[in-house]
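As they're listed, the protein sequences go chains A and B.
Going by my numbering, the first sequence opens with residue 906, and the numbers climb by one from there.
Going by my numbering, the second sequence opens with residue 906, and the numbers climb by one from there.
For the record, the hints were derived by calculation from the structure and aren't laboratory data.
Every value quoted in this text rests on a predicted model; they were computed, and no experiment measured them.
Keep in mind that the hints are not guaranteed to be accurate.
Each pair may be met inside one copy or between any two copies, as identical chains are not told apart.
[Unchecked claim] Below 25 angstroms or equal to it, Euclidean Cα-Cα: the simulated DSS-like pairs (lysine-lysine) are:
hint : residue 1 : residue 2
1    : Lys969    : Lys1082
2    : Lys1074   : Lys969
3    : Lys990    : Lys1070
4    : Lys1118   : Lys1082
There are 2 protein chains.
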Amino acid sequence: MGHLPRTLELFYDVLSPYSWLSFEILCRYKNIWNVRLQLRPSFIAGIMKDSGNKPPALLPRKAKYMTNDIQLLGQHVQVPIQFPKDFFSVILEKGSLRAMRFLTAVNLEHPEMLEKVSRELWMRVWSRDEDIVEPQSILAAAEKAGLSAQQAQGLLEKVSTSQVKNQLKETTEAACKHGAFGLPVTVAHVDGQTHMLFGSDRMELLAYLLGEKWMGPVPPAVSARL
Amino acid sequence: MGHLPRTLELFYDVLSPYSWLSFEILCRYKNIWNVRLQLRPSFIAGIMKDSGNKPPALLPRKAKYMTNDIQLLGQHVQVPIQFPKDFFSVILEKGSLRAMRFLTAVNLEHPEMLEKVSRELWMRVWSRDEDIVEPQSILAAAEKAGLSAQQAQGLLEKVSTSQVKNQLKETTEAACKHGAFGLPVTVAHVDGQTHMLFGSDRMELLAYLLGEKWMGPVPPAVSARL
């Protein structure tokens, strides 16, 4: 009997640029490694509050470093990431509550579309410096991802239901129970053990834990397609 | 004309476990990549103070995560790293001022011994849970690294000179000028550009910036020796 596929849970928020990097790397590797990838839309502000952590960009030197770091990593990982001009307003004031509730609704109703809609929201906020707060912004991302206008509108209406609100809360709490103090968090279930990995820079360590080969953030099969 | 060797500066403190990981990886790669590695002993407490940053382990969830993270990375990177039992006393109370002044003196008088003495201090504090504050602890590390008892004693006497104190201060300030808010910091001088990389998890990105091949934290040539 061969290895059963191992499960990886990726807890993420589209407000987090490092989450985007992890997301793309794991989406590339899920068909290369013998893994089942569960995308888990979470609410980063809830995790910061629950853990007592503060956004790194509040420390001026970390903010400056992140600007360079994300630009370089974007080139290396081949993700078209760009810092929004008014970072503090986008990240700290506007936030992601409606966007993450929308992704939660997508996950409940059209889970097969979650990857694409998540990516389109990142493309808006972390590549083209576009809004992700207003209803029409979220609808635009959903339609670009391939949902019909009617489907997108239906999901948007679900955003204020207790089912969706509670589900996002539960997923965020699950991340916290795994020890999250920020995002992304990858939870790997391997041989009866659970490993929680923080950040986008533990993917080579993840390969080691899975006994799989790390071929860089852009594995050759993907590189050929890009 | 071939490429001139590029310079990498590694700013580190033996109190920082992630510095140890960077140190070993760069010591392994310095003869594989076309680089000149400058070891720059620094004082982490000075960097935290100057940047307004706080040690991550002060946040309980980060402390818990670090314990697992460092154990896993130690296995993956093949560095015999172990958390000291009384982490808070070792890291936050006892500190590293004398140890880093001693390494500064080693760098001034016997620069060829800096790598080995640094490693022996890490072996004490981050592998065998031994003291690095008392003079006899530092002498023991220096002798284990290959210095004579007389040389080690001579260096220890230099620790309180203004030359050594000022040099450590200058190196720490240089790290801060590069934007450091913690350690390790790797400063790469490549094609007239300067890149500051924070942490032990940017080594694959460093390879990318250098145009060199990343072969994991234990490149094959080293793996054969271990």
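The hints, checked one at a time:
no. : hint                : in the structure
1   : Lys969 <-> Lys1082  : between (31 angstroms within a copy, 12 angstroms between copies)
2   : Lys1074 <-> Lys969  : between (32 angstroms within a copy, 23 angstroms between copies)
3   : Lys990 <-> Lys1070  : neither (30 angstroms within a copy, 42 angstroms between copies)
4   : Lys1118 <-> Lys1082 : neither (29 angstroms within a copy, 38 angstroms between copies)
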